[in-house]
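Peer 1: Chains as they are written, first to last, in the numbering used here: chain A, 1 to 159; chain B, 1 to 151; chain C, 1 to 375; chain D, 1 to 362.
Don't read these hints as lab results, they were simulated from the structure. Quick reminder that beta carbons are idealized off the backbone N, C-alpha and C, glycines included. If a hint is listed, it holds; no wrong ones were tucked in.
Taking lysine-lysine and the BS3-like style, the derived pairs with C-alpha atoms no more than 25 Å apart in a straight line are:
| no. | chain 1 | residue 1 | chain 2 | residue 2 |
| --- | --- | --- | --- | --- |
| 1 | C | Lys-206 | A | Lys-9 |
| 2 | C | Lys-146 | A | Lys-39 |
| 3 | C | Lys-241 | C | Lys-279 |
Away from chain A, derived, C-beta distances all over 10 Å, residues of chain C:
| no. | residue |
| --- | --- |
| 4 | Tyr-17 |
| 5 | Phe-184 |
| 6 | Arg-250 |
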Amino acid sequence: MRSVINYIKEILGGLRTLWAGMRITGKYFVRPGEIVTQKYPENRNELTMFDRFKGEVIMPHDENNQHRCTGCGICQMNCPNGSIEIITRKEMTPEGKEVRVIDKHVYHLGMCTFCGLCVKTCPSDALAFGQDFEKAVFDPSKLTKILNQPGSTIKKDVK
Amino acid sequence: MDNSTLRQRLEELTVNAVYPVNKQYTEIIIPAESYHEFCSLLKNSQDMLFDYLISLTAVDWKDHFMIVCHITSTIHRHTIIVKTQLSDYGDPVADTVSDIWRTAEFHEREVFDLFGIRFRHHPDMRRLFLEDDFGFPLRKDFTDESRMIVK
Amino acid sequence: MQEEIVKNVILGEEDDYVINMGPQHPSTHGVLRFEVSLQGETIKKVIPYCGYIHRGIEKMCERDTYPQIIHLTDRMDYLSAHINNEAVCLCVEKALEIEIPERVSYIRTILDELNRIASHQLWWCAMGMDMGALTTFFYGLRDREKILDIFEESFGSRLLHSFNTPGGLMHDVHPGFQKRIKEFISYFRRKLPEYDQLLTDNVIFKERSVGIGVLSREDAIQYGVTGPSGRASSFSCDVRKIEPYGVYDRVNFNEILRTEGDTMARYKVRISEMEESMKILEQLVDNIPAGDFTAKMKAVIRLPAGEFFQRVETARGELGVYIVSDGNKTPYRIKFRSPNFSNLFIISKLAIGFKIADLVAISGSLDLVIPDIDR
Amino acid sequence: MAFNIYDFTEFTRSIDTGLKNSMSSGWAMFVEYAIIGVIFLLVYAVLGLFLVYAERRVCAFIQNRLGPNRVGPGGILQTVADLIKLLMKELIPIRNADKLLFNIAPFIVIIASFMAIAAIPFAKGLHAIDFNIGVFYVIAVSSLGVVGILLAGWSSNSKYSLIGSMRSGAQIISYELSVGLSLLTIVVFSGTMQLSGIIESQANGWWIFKGHIPAAVAFLVFLIASTAETNRGPFDLAEAESELTAGFHTEYSGIRFAFFFLAEYMNMFIVASIAATVFLGGWMPLHFGTGNAFNHVMDYIPPLVWFAGKTAFVVLIMMWFKWTFPRLRIDQLLTLEWKYLLPVNLVNIVIVAFLVLMGWHF
Chain A
1 MRSVINYIKE ILGGLRTLWA GMRITGKYFV RPGEIVTQKY PENRNELTMF
51 DRFKGEVIMP HDENNQHRCT GCGICQMNCP NGSIEIITRK EMTPEGKEVR
101 VIDKHVYHLG MCTFCGLCVK TCPSDALAFG QDFEKAVFDP SKLTKILNQP
151 GSTIKKDVK
Chain B
1 MDNSTLRQRL EELTVNAVYP VNKQYTEIII PAESYHEFCS LLKNSQDMLF
51 DYLISLTAVD WKDHFMIVCH ITSTIHRHTI IVKTQLSDYG DPVADTVSDI
101 WRTAEFHERE VFDLFGIRFR HHPDMRRLFL EDDFGFPLRK DFTDESRMIV
151 K
Chain C
1 MQEEIVKNVI LGEEDDYVIN MGPQHPSTHG VLRFEVSLQG ETIKKVIPYC
51 GYIHRGIEKM CERDTYPQII HLTDRMDYLS AHINNEAVCL CVEKALEIEI
101 PERVSYIRTI LDELNRIASH QLWWCAMGMD MGALTTFFYG LRDREKILDI
151 FEESFGSRLL HSFNTPGGLM HDVHPGFQKR IKEFISYFRR KLPEYDQLLT
201 DNVIFKERSV GIGVLSREDA IQYGVTGPSG RASSFSCDVR KIEPYGVYDR
251 VNFNEILRTE GDTMARYKVR ISEMEESMKI LEQLVDNIPA GDFTAKMKAV
301 IRLPAGEFFQ RVETARGELG VYIVSDGNKT PYRIKFRSPN FSNLFIISKL
351 AIGFKIADLV AISGSLDLVI PDIDR
Chain D
1 MAFNIYDFTE FTRSIDTGLK NSMSSGWAMF VEYAIIGVIF LLVYAVLGLF
51 LVYAERRVCA FIQNRLGPNR VGPGGILQTV ADLIKLLMKE LIPIRNADKL
101 LFNIAPFIVI IASFMAIAAI PFAKGLHAID FNIGVFYVIA VSSLGVVGIL
151 LAGWSSNSKY SLIGSMRSGA QIISYELSVG LSLLTIVVFS GTMQLSGIIE
201 SQANGWWIFK GHIPAAVAFL VFLIASTAET NRGPFDLAEA ESELTAGFHT
251 EYSGIRFAFF FLAEYMNMFI VASIAATVFL GGWMPLHFGT GNAFNHVMDY
301 IPPLVWFAGK TAFVVLIMMW FKWTFPRLRI DQLLTLEWKY LLPVNLVNIV
351 IVAFLVLMGW HF
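Produce the complete structure using the sequences and hints provided.
Peer 2: Okay, here's the thing in structure tokens:
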């Protein structure tokens, strides 16, 4: 007789635990308030990322198209996977002194692992992280960007 | 027991052993011939009982290889670094300790895979990650133009 | 049509019924291949093959300076990325004998515990899905989103956040850091009992995990199975207790040990470890000392010649970082003792005699992350 | 042509007589078969697609997400888009698969579920066949599906499929037992095996209320066994994603995979409608006792709506099972049947037979 009682108790115990699980899923089924899906393409304009979000490396330019990059190449040395190339050129200053100026700050987004070493080690804080994350392109050559905009010059107060 | 008593105990055990300076753990370099016997002594002697091999790896010093084992005891909570030198750089062979600690079998297969050091009486001496014709990447003289960008 | 015979090196007997689980298989959590020889449904022998995602991280580290290694260790055990980075940073700081500010240790320990909870949550999702309960995957991910928001707000990236550098942190945490953590703790305290009702007490789950894949304490020590999998068979290997780093010595939490050593024990250890991590967070989140977020470091970090070893407790076990330095800015040789590497090979001993469905359950309970095995 | 939503017998008889006097009786019979065949094909396709959509929505709401909401208003056309995609997909030829069996297998599974649909009484007088051994016919036909699954697993020459189909074979054969026995308890109650007869006997109250404890036990056992019968829910070992990638239909692609997929959902619909018919009174409105005011109010709702409501309720429970429980292992699955469901069923039948013998039932 003992085994029959255990048998029935076992069945009822099992059903109780199954019902406990079903109560949880049932609770979420009837509560649409908890739905977490983000309707991405529709909520594009009011979707704001966190301000420190590492979308891509950019070189901020102020209103009269000036940036702070001196072309020193420290970020190129510090980059672990060679995704930054600095191309500099000689330029004559009005006083006649020859000085090295940044020509093209090539940035391979395809190879960048967003480790943040370039932004951190730049002596003149020329680089920053942009918040734009829509980076999909059809042809990989578009992933190579020139960070300093054409016709931009260096800011005055930068060393 | 702490490093100093462990040091005397080790000196009683072996005669020709070198003790390099190490601030954290006791370090001992054992000649290759008595490496296997010393390890089984570490494992079985009652007052030391080194039963948990943390990691077994190798270092390529350009003219010789160094097998490095970090072993600790889960009972006495002391740790030791046992090293042994393989002077034959061309075809390095060492004794296996996989019969003492089972986990050594896979660490040794990884060392064979990346360094080319073969272990005698190893139950399953096969490469672990790479194909058979790949060469031994972690050796200092390993070059591979297609994959390695030398900065 | 010429039948080319695919030469398949089968190490078992000739007439075995051998199936390949992997490298593309829904329940191997990555590119890992099990060669399973079967007798009907019961398993006779399991041989794991790895190496499909071997990137040669140790070789790459030999040409990177110490701050540059951080972005590589992120990608080893990507679920406890922060703890991996902290291991390398602690090893470098120990080698240089520099004193890091109190604030850095506090923040690092808080982020370790957050990372551990996030990793255990994802383990719980994958374990439920492997057993067939597909809904648990979404509940776990929904709760994990809260932690990833904390990470994203402070570091800018959710999973692989190279936030640690030798000497301290990249930049200070976001002002809303503590508030979000408190919100998360109160939110997750309400959701954790649901995890138990959904899976732990479920009679089907109990049937499929109690007494499956029993790991004895001797085997755990012999095979070096650490972390929750080892502690489920009473092998006390919590590095936070043996060699405390960060502020673990000033925080009281207890190490979860169970004796049964089967799949259910490994499951329960991780669930109660989530509890412990939340207790640690509660003790730390209110008293983060002020101070700067990094020690004064030279531009180029050169370790003195010698060898340094640092053990750290990641979400899956004990990670050892062994750096051999010959004095210049890149390490001469670096070896990562990865927890998953030792946890993997025990499966060929655990799964003998059980069914295919149990092999999936056992490998789910061992919580393997494959890039950490191949490095 | 009296079209009466409450009683279709006049409507079908008037079509029959109309056809008979317009052409010879042999041709009329043929045209009627053709009409019924086309109607069931339509019902099959539309219902199958709707059930797939319904399952994806229900599962989405359970998992705190939205489910398909892009194609068509509210995502209704999502499954139609899937079907078209599957139609355009290439039928990948498996190199040394057993061609004949490989191609036949999906059709056997579809035919089995078609034969079972024929016996279901959708409304009063609206059913294709009404055998006087209805329940027996339904149980016999529903066991044909397993032949298709075994053929599919064997002929696709892949180890995963073979394991999947062997599992499903063992599972369906053993769960036939408790499906049959749980239906038997209600047959003992109502005294007839004719499905419409069973519904008539529930005029003064559904069996699940009238039969109180034994009928409720039989209903629960039937639900569990029928979920296993259709390879769904905690018993989906045949196509266990996490173990055998896709079980017996791993090698199938394109429209053949769609056949298996649709057949599974139609089996779920059939099993749910049988549960509704036998336990919850098919299209019979909710009556308590006979001839009181409450019954008349209930009679205003047309029987088709009653039938659809009850079937939807049972389908929802089966979906609820699937998205809550982990999967059973093959040996636990069989122990559940042989050591738990079978004894419970047998004891239940003995009690019911004793009740009916002594006349204590309602």
